[in-house]
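Peer 1: Okay, here's what each chain looks like letter by letter:
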Amino acid sequence: MNIINFTPISAFAGGLLIGLAVILFFVGNGRLAGVSGIVNNALVSKQNRTDNFLFIVGLILGPIFYVFFTKNNIPFLITSSLPTIIIAGFLVGIGTKVGRGCTSGHGICGISLLSLRSIIATIIFMITAIITVGLFG
Amino acid sequence: MMSKIISFISGTIFGVGLTVSKMINPEKVLGFLDLFGQWDPSLIFVMMGAIIISAPVFFSFRNKKKPLFADNFTIPTVKSIDKNLIIGSGTFGVGWGLVGFCPGPAISSLALLNTYSVFFVLSMLGGFLLTKLVNKIIVAPQ
Chain A
1 MNIINFTPIS AFAGGLLIGL AVILFFVGNG RLAGVSGIVN NALVSKQNRT
51 DNFLFIVGLI LGPIFYVFFT KNNIPFLITS SLPTIIIAGF LVGIGTKVGR
101 GCTSGHGICG ISLLSLRSII ATIIFMITAI ITVGLFG
Chain B
1 MMSKIISFIS GTIFGVGLTV SKMINPEKVL GFLDLFGQWD PSLIFVMMGA
51 IIISAPVFFS FRNKKKPLFA DNFTIPTVKS IDKNLIIGSG TFGVGWGLVG
101 FCPGPAISSL ALLNTYSVFF VLSMLGGFLL TKLVNKIIVA PQ
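So the protein lines, in turn, are chains A and B. Oh and the first sequence: position 119 is 119 in the working numbering, straight run, nothing missing. Oh and the second sequence: position 7 is 7 in the working numbering, straight run, nothing missing.
This is chain A alone, in the form it adopts within the complex (with noise of 0.2 angstroms):
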């Protein structure tokens, strides 16, 4: 194992950007800031659905944002081929709506909350996702 690319102190500062969301949602709201949730439910359920759609029409405003405050451009690269995309983008709707958490959903707010599903779906997701990458990546 090399270690390159490393940038922790820009992913630290990030991280606590993600974490000041999900307590502004949490302290707010009542509600966890999970991702893959808040889009399904937008696109499911009537419930809170202007809520979810106004924090989904804000993530992607973050980057805008960030470009116009800072003049940095953001580096940008998928090398995959469309159909894997499409199947890879099938794969993480299925899987996080089975599996009831994503990256953030369990990742983040479930392990703040030491939920111990969580924590196992976590441990689950990135065992497959580092075995995925190393089969095919």
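Bear in mind the hints are in silico, worked out from the structure with no lab data behind them. Each hint should be verified, as a subset may be incorrect.
Computed from the model, here is a short list of chain B residues facing chain A with C-beta under 8 angstroms [as the list claims (entries may be wrong)]: (1) Gly15; (2) Lys22; (3) Asp34; (4) Ile51; (5) Phe61; (6) Ala70; (7) Val78; (8) Asn84; (9) Gly88; (10) Ser89; (11) Phe119; (12) Lys132.
Taking lysine-lysine pairs in the DSSO-like style, the calculated list, with each CA pair at most 30 angstroms apart, reads [what the hints assert, rightly or not]: (13) A/Lys46 to B/Lys4; (14) B/Lys4 to A/Lys71; (15) B/Lys132 to B/Lys83; (16) B/Lys79 to B/Lys65; (17) B/Lys79 to B/Lys64; (18) A/Lys46 to B/Lys65; (19) A/Lys46 to B/Lys64; (20) B/Lys66 to B/Lys4; (21) B/Lys65 to B/Lys4; (22) A/Lys46 to B/Lys83; (23) B/Lys132 to B/Lys4; (24) A/Lys46 to B/Lys66; (25) B/Lys4 to B/Lys64; (26) B/Lys132 to B/Lys79; (27) B/Lys136 to A/Lys46; (28) B/Lys136 to B/Lys83; (29) B/Lys66 to B/Lys79; (30) B/Lys79 to B/Lys136; (31) B/Lys132 to A/Lys46; (32) B/Lys79 to A/Lys46.
For glycine and all other residues, C-beta sits at the position ideal for the given N, C-alpha and C.
The hints should help you fit chain B onto chain A, whose structure is shown.
Peer 2: For chain B alone, coordinates are given in the frame of chain A:
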């Protein structure tokens, strides 16, 4: 009204956080998942930063009766480690590892007007709807 403002601001800060941490970039995330190759541990620091802030607030707020701008807390009550949790999370991980996108960064990256992001998000929404449909047909309501 306040809950809508909070939702918008939370989403925005979340999106800025994903950008600052560089997790909006699938290549960066794949670097983390490439544990046995050229490994980039950054994602661990993102999770640590987020958990360090949110865990203490969750625990100091859990005894409060209600949040500031809603009638009650809505936190999942399911505690069991069931087969859905394991199969679902395992499936999600495979999709995550194929491209390097999980739901948050995928949605945020729509800002970059990348065609592949759009296809990924549409497929993810397709996955949500497909699961809902299958649940309706074969799985008894829980």
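Peer 1: Among all the numbered hints in the text so far, which are the ones the structure does not match?
Peer 2: Checked against the structure, no hint fails, so every one of them is satisfied.
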